[in-house]
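Taking the hints into account, I'd like the entire structure generated from these sequences.
2 protein chains.
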Amino acid sequence: MASIKEVARAAGVSTATVSRVLANSPHVRPALRERVLKAIKELEYRPNLIARSLRAQQTTTIGLIVSDIRNPFFTAISRAVEDSAYEEGYSLIVCNTDEDPKKESIYLNVMRDANVAGVILSPTGPTAAGLRELETGFAVVVIDRSIPDADVDMVLLDNVDSAYRLTRHLLENGYRRIAAICGERSTTGRERCTGYEQALRAYGLLPSAELVRFVPPQIEAGYAAALRLLELPEPPEALLTTNSLLAAGALEAIHERGLRIPDDVALVTFDETTWASLVQPPITLIEQPTYEIGKTATELLLQRVAEPERATRRVILKGRLLVRGSSAPRVHCG
Amino acid sequence: MASIKEVARAAGVSTATVSRVLANSPHVRPALRERVLKAIKELEYRPNLIARSLRAQQTTTIGLIVSDIRNPFFTAISRAVEDSAYEEGYSLIVCNTDEDPKKESIYLNVMRDANVAGVILSPTGPTAAGLRELETGFAVVVIDRSIPDADVDMVLLDNVDSAYRLTRHLLENGYRRIAAICGERSTTGRERCTGYEQALRAYGLLPSAELVRFVPPQIEAGYAAALRLLELPEPPEALLTTNSLLAAGALEAIHERGLRIPDDVALVTFDETTWASLVQPPITLIEQPTYEIGKTATELLLQRVAEPERATRRVILKGRLLVRGSSAPRVHCG
DNA sequence: CTCTTATTTGTAAACGATTACAATAAGTTT
DNA sequence: AAACTTATTGTAATCGTTTACAAATAAGAG
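Protein sequences appear in the order of chains A and B.
257 is the number that this note's numbering gives to position 257 of the first sequence; each next residue is one higher, with no gaps.
274 is the number that this note's numbering gives to position 274 of the second sequence; each next residue is one higher, with no gaps.
Keep in mind that a hint or two might mislead.
Note: identical chains are not told apart, hence a pair may lie in one copy or across any two.
[Claimed, not checked] List of simulated lysine to aspartate or glutamate pairs, EDC-like, C-alpha gap at most 20 Å:
1) 295 - 87
2) 102 - 83
3) 103 - 113
4) 102 - 44
5) 41 - 113
6) 103 - 44
7) 295 - 98
8) 102 - 184
9) 295 - 88
10) 318 - 161
Calculated directly from the structure, the hints in this document are not laboratory data.
A quick note: this is a predicted structure, and the numbers were derived from the prediction, not measured.
Following this line, the structure appears as structure tokens:
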């Protein structure tokens, strides 16, 4: 593991000159540059990133903080972020908060201690307590969930409109009694619920409190909520869930009750997954442009690293409605 | 962002003393220790990890290099590794190779440049070209795929035996003409194929070349291979795939051909996923102890960091057969 | 050929921690 | 009280870079 000193000695120059060659500085005579490059090659020299970071007060690492990387949405995001980061010579550190603000806060501090260039964050709550208490000292881009009153770059989905379109699709196909199982505690679940209610109203229907559930965005909670909805005296004709985990739970509940989709109950959701098109019938859903979200977030982040004072942006991407069998036109039978 | 110098000044001591307090050295008078701790608290001092790493020639970061984090197996592993790393105060950098040895090699070099403490690697090939060319300079634990002649810690599945049990289960349930779609280029796919063939032989059957396919371990390849198998003049009664992506592809092919599981063709695979129990019928499979694999790999890694000269270990974990509907006892009809 | 200016190179000081080593202070023995 | 230990603290070097600044060299002008 040769250091810059040994390269300098081998090339008969000072470390400053080696550093200049490395940085492609114009102020190096071609002859010297050649000698240095030769020494670098011969010694298989690679600059020590730690030393460089210490001096530069900045690493080429970025952090990704999400609730759980196993949520397919975040898995896809992480892949996109890693690809984009890699292209720009950055490494990616991933962190799982499990929706725990304390863990979020700890990780944000770890990121600061590690001198990351920036962090892409899916916040545990809409207040960004963790962000506020820290004058972060690094760039931040928020994804998936908004922090309404924070002046920070964000990449979000058009949640209200996507939910509106998804619900309208059900209505157009003849479903009327539509239940919604929404992720609690995030702006995302709230906004999607709003879109759902707006669509109902646009069709002259009154949202019923009985049919709207806010639960932790996890399989078990989706299962429990769906089960209770299906056990209602007057069960819903369709179920809308706001993410793939809730959908998986709902599907489980539907199977358990021995109901057929969509004849007995339709099912629509957010987030494309491997399984959504594999189950029979395949699931109608709003596909988020996960790769684009991750890519855009990374780009915004690195732009801010380069230009910290730039005005913040809020990028809203459109969800795409994929119509499949789970919401086929309703056949009235009785 | 206070540095150790400012803490030292505030407490009226030298930086050495502050450092000793930080390291819990016994040689500090209680009175001084108190003063230092007070200064640390007041200045909200947090040690700079970069500086610490430069001096220690070692970071508290570990790398995870896999083919694609979106493969649910690796997603689960990454979560386990991150959890275990977090507990020990380490951060996790993830890298995707897409099965490309060049990318693997580049990432290994990046890991070295970044001075990671160690790397958990699912190698692209059985020769570890990337590892060899590098005298790594960091601890390495190999997972999922073996590097037969390398003296390195490994955490693997009992592939041969698991595949044997999976195949035997099919045989016991009356299936005879069983096809295997195996991931190519890894020891894992090969070993699982071996177990499959051993089981056949144990039942007096001769493995047929026609029924064994080695393909890239991806959905599309699984789809294509399954389709061709199902189009055979004498199609198989059961399909065994060696990972969840191949299974997803195979399932797609089965659906497309309008076949019923398990009546027309049974399907069994490796790797538990969200969807395997959601599809109808649910899929029989060998569940890998993903969390344990990740946890064990991290433990081995940190043990080696602490004690570099320790003899290498090879931990083999057992897969668990989960019997579900996709391999129900065969009903002969004609 | 000298003087001025532009270019190239080197010296040395950071960056923020840790840690040999030396120096000092505090106890223990005689 | 002197001579040892032993415990505590500080000084300064070090890790591997980058980069002001100074120094040296080369080029250009008269």
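Practice task
Go through the copies and call it for residue 103 and residue 113: within, between, both or neither, with a Cα cutoff of 20 Å.
Solution key: within (15 Å within a copy, 29 Å between copies)
Exercise for the section: At 20 Å max between alpha carbons, let me know whether residue 102 reaches residue 184 within a copy, between copies, both or neither. Expected result: within (18 Å within a copy, 44 Å between copies)
Problem - Identical-chain pair category, residue 41 with residue 113, by Cα at 20 Å - result: between (34 Å within a copy, 16 Å between copies)
Exercise for the section: Can you give me the call for residue 318 and residue 161, within, between, both or neither, at a CA distance of at most 20 Å? Expected result: within (8 Å within a copy, 48 Å between copies)
Problem - Alpha-carbon proximity between residue 295 and residue 87, which holds within one copy, between copies, both or neither at 20 Å - result: within (11 Å within a copy, 30 Å between copies)
Handout entry: Identical-chain pair category, residue 295 with residue 88, by Cα at 20 Å
Key = For residue 295 and residue 88, only the intra-copy Cα distance (12 Å) is at most 20 Å; the inter-copy one is 31 Å.
Exercise for the section: Could you place residue 295 and residue 98 in one of the four classes (within, between, both, neither) given a Cα distance threshold of 20 Å? Expected result: For residue 295 and residue 98, only the inter-copy Cα distance (18 Å) is at most 20 Å; the intra-copy one is 23 Å.
Handout entry: Identical-chain pair category, residue 103 with residue 44, by Cα at 20 Å
Key = between (41 Å within a copy, 19 Å between copies)
Exercise for the section: Could you place residue 102 and residue 44 in one of the four classes (within, between, both, neither) given a Cα distance threshold of 20 Å? Expected result: Answer is between: at 18 Å across copies they meet the 20 Å cutoff, but 44 Å inside does not.
Practice task
Measure nothing new, just compare the shortest in-copy and cross-copy C-alpha distances for residue 102 and residue 83 to 20 Å and report within, between, both or neither.
Solution key: between (29 Å within a copy, 15 Å between copies)
The structure shown violates none of the earlier numbered hints.
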